[in-house]
Amino acid sequence: MKILVAVKRVIDYNVQIRVKEDGSGVHTDNVKMSTNPPDDNAVEESVKLKESGKVKEVVAISIGEDKAQETIRKALAVGADKGIHVKADNYIEPLGIAKILKKIVEKEKPDMVFLGKQAIDDDCNQTGQMLAAMLNWPQATFTSKVNLKEKSVEIVREIDEGLETIEVNLPAVVSCDLRLNEPRFASLPNIMKAKKKPMEQINAKDLGVDLTNRIQQIKVEEPPKRKAGIKVANVAELVSKLKNEAKVL
Amino acid sequence: MSVLLIAEHDNSKLKPFTLNAITAASKIDSDVHVLVAGANCENVTKEVASVPLVKKVLWCDSPNYQNYLPENLAPLVTKTAEKYDHIVASANTFGKNFMPRVAAALDISQVSDIIKVSSPDTFIRPIYAGNAFATVKSNDKKKCVTIRPTSFDPAEKNGGSAQVEKIEAVDVPNSSKFIKREETKSERPELGTARIVVSGGRGLESGENFKLITDIADKLNAAVGASRAAVDAGYISNDHQVGQTGKVVVPDLYIAVGISGAIQHLAGMKESKIIVAINKDGEAPIFSVADYGLEADLFKALPEFLAELNKLNTIQK
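Quick note, the sequences are listed as chains A and B, same order.
Going by the working numbering, the first sequence wraps up at 249, each residue one higher than the last.
Going by the working numbering, the second sequence wraps up at 1317, each residue one higher than the last.
Read the hints as simulated data drawn from the structure, not as lab findings.
Here are the simulated PhoX-like pairs of lysine-lysine, each with C-alpha atoms no more than 25 angstroms apart in a straight line: (1) K102(A) x K1177(B); (2) K1177(B) x K151(A); (3) K1141(B) x K1079(B); (4) K1116(B) x K219(A); (5) K149(A) x K1177(B); (6) K1280(B) x K227(A); (7) K1141(B) x K219(A); (8) K1280(B) x K231(A); (9) K225(A) x K1273(B); (10) K149(A) x K1180(B); (11) K243(A) x K1300(B); (12) K1079(B) x K1177(B); (13) K102(A) x K1141(B); (14) K1185(B) x K1219(B); (15) K109(A) x K2(A); (16) K247(A) x K1273(B); (17) K243(A) x K1280(B); (18) K102(A) x K1142(B); (19) K1273(B) x K231(A); (20) K227(A) x K1116(B); (21) K1177(B) x K145(A); (22) K1211(B) x K1280(B); (23) K54(A) x K1177(B); (24) K243(A) x K1273(B); (25) K1079(B) x K102(A); (26) K219(A) x K1137(B); (27) K1142(B) x K219(A); (28) K145(A) x K1180(B); (29) K1027(B) x K1142(B); (30) K1027(B) x K1015(B); (31) K247(A) x K1311(B).
Some chain B residues close to chain A (C-beta under 7 angstroms, calculated; not the full set): (32) K1177; (33) I1179; (34) I1274; (35) D1291.
For each residue, glycine too, the CB sits at the ideal point set by N, CA and C.
Bound-form chain A, shown alone (with noise of 0.2 angstroms):
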């Protein structure tokens, strides 16, 4: 079997995000970058999978500017084989990400296509749905557990309510939720030998399809700011607070 992980280059996790003034975006420069945090599940998932002997190939895909090389350097820093690099230097919705995925599933034919819930940047939860669906295939979201079958993988998934239990025929995309896995370090000696793996370079205006972004971003801007609160002495001043002066209890 052979599983396409998808990996994302977004703002580190731990930066706090600042606005620009001018209300087009966010600060990027000089800012920390790594790999979506879900994504670094998926990888992992993807490798275990390889280790277990269910899985003879772990090719890892990224689509952005050409840092996002760095991105797919982890994911073969902890053990995927193959790298592709789709380059595109603007930002591409969910929707044209799902179309160039799609182009390179018909290119590998892997059984399986791995990738995280959702980006932390735009927030979106789309891709993996999406490309499922172009590609008429079943899917699994918010999974956090995998049980690999011959044709067919059983998933738990984190929904609202609690867990749920799918199985889906493959091929299936699945979206990997942050409890699926403990993602692993890449050692050095590993992060050394990441740099000799194969990388594919294609050029994602290359692949013919649409990537017309549909939706205009108007502005970006501060979300309201809390007022300063204070600090209590005791517990009974808490409770006298809730009471009297917020009024909530």
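Given chain A's structure and the hints, the job is docking chain B onto it.
Just chain B, lined up with the frame of chain A:
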């Protein structure tokens, strides 16, 4: 210019967030039609038809829609969408699961998780875990939109009498199978709609110690929340998680105990009306959003808090 809203339900009852989504849909266009797809879900259609903001109910009954498998539900929504300009659903694990499939099938770029309708094509949505608000305009002819339920008030439930029209089921691909759902049963209010939420974090140190949280919650008739750290550590189940990738809550009172206040947690609770933080680390970021901060050891503060609450006689049930 009608709006098609997809109802969330368990085949016998409407899920409350659908009412919030109805309010949002009515701000896009007043001609709100609601699709109720399920198995033996006639009661749900009656419930929806009595919502005054709803103009028409489309009812599709088939065992294929019992567990809202997205592979089955999306083709029905896609077909039904032919006559509509907007297709909307809640941005919870229900709507997030199937709506992008509908959008992809219709070649539409979906607008996710809106918190405000500025006009029928322009919406405000949080990005970067709510650290920025983006105003976006959809240039697609039809629009697929998911709605953050807690940003809209629930619609009035009674007094309407919308017409219910039965529609035909469509073919399903038989590519997925529902096995089971493990729901956490609780007597407490639902996290998403509770008036008061008491949340615990890693500071609780164990699952057993969450009893300190649940005791307070029971006293206040509150829902129980948790930080991702507490869920990851196995102190409490995933359906309690509040944050960027968990639930977004907007209660009148949010009490964060032993939660440091990572950006991702704040994304799920910082719109709450009153926020209380109890943490022994006076520098914890949670204090920056708290109306009332108490720098204290939670193992001492929570029993005291409960004792003080027991002295009050004004707690609303």
